Structure formats: structure tokens, C-alpha cells
Amino acid sequence: MENMTQNKDILEYYLSLSVKQQFNIDLDLKDEFIFTENLVSKKTIIAPTFSDKILLQHDVKEFLSALISDINNEEQPRIGRISEPEQMRDIV
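For what it's worth, the UniProt record's numbering labels the leading residue of the sequence shown as 1, then goes sequentially.
To be clear, the hints were calculated from the coordinates, so they are not data collected in a lab.
As the structure is a computational prediction, the values presented were derived from the model and not from experiment.
Errors might be hidden in some of the hints.
20 Å max Cα-Cα, derived DMTMM-like pairs, lysine to aspartate or glutamate [claimed, not checked]:
| id | residue 1 | residue 2 |
| --- | --- | --- |
| 1 | Lys42 | Glu62 |
| 2 | Lys8 | Asp70 |
| 3 | Lys43 | Glu62 |
| 4 | Lys53 | Glu37 |
| 5 | Lys42 | Glu74 |
| 6 | Lys53 | Glu75 |
| 7 | Lys8 | Glu75 |
| 8 | Lys20 | Glu62 |
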């Protein structure tokens, strides 16, 4: 149970930081999602339980929904290392 609590704290921090970076607002997202099991795959997923403070902010709701969906689908940002020739390329 401690691991699940730790994961929730980390996820809450990540989502809050992402909202802060995107919209420059501080939101307490403590009770805005839960962990549950996907009935088909049996994997643990994040289920949004958005309150009115999120639902009334359409852009924030859509952003968080997309972010949670990406996490559930294990879609990670594509951060690639720049190769040597690209680093040396002159930009005019």
C-alpha cells in the first residue's frame, strides 16, 4: 500500500507541475484521480475523478485528460539525443 501512496504522490506532483508549466496556475490535484484496474488488460490505470474546480476550467480538464491518457497508454515524450553532425550544423 505504501508503494501505491508513493506513486500517487509522485503522479500528483507531476500533474500539478505540468499544469503550472502550461497554464501558470497552482492546483491541488490530490483528490482528482484514483488508481484502478483495467477490466480487460488487468493493468493498473489512472482514472480521473475531476471535481468542479477542474471541470469548470475546460482547457485544464482537456490538458489533464490527455496527459492521463498518455500515461495510461504508456506514451512517453520522444526525447532523442542530438547526433554529433546535428550539433555542429550551422544555423543561418
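Between Lys43 and Glu62, does the CA-CA distance stay at or below 20 Å?
Outside the cut-off at roughly 23 Å; violated.
Given the hint that Lys20 pairs with Glu62, does the C-alpha gap stay at or below 20 Å?
It holds: about 15 Å lies between the C-alpha atoms, which stays within 20 Å.
Would you check the hint for Lys53 and Glu37, treating anything up to 20 Å between C-alpha atoms as holding?
violated, 26 Å
Quick one, are Lys42 and Glu62 close enough, alpha carbons at most 20 Å?
violated, 26 Å
Could you grab the alpha-carbon distance between Lys42 and Glu74 and see if it respects the 20 Å cut-off?
holds, 15 Å
Next pair to validate is Lys8 with Asp70; report whether the Cα-Cα distance is within 20 Å.
At roughly 16 Å apart (the allowed maximum being 20 Å), Asp70 and Lys8 satisfy the hint.
Has the given pair, Lys8 with Glu75, been kept, meaning a C-alpha gap of at most 20 Å?
holds, 18 Å
Lys53 paired with Glu75 [C-alpha distance capped at 20 Å]
violated, 27 Å
Of the numbered hints stated above, those contradicted by the structure are hints 1, 3, 4 and 6, listed in ascending order.
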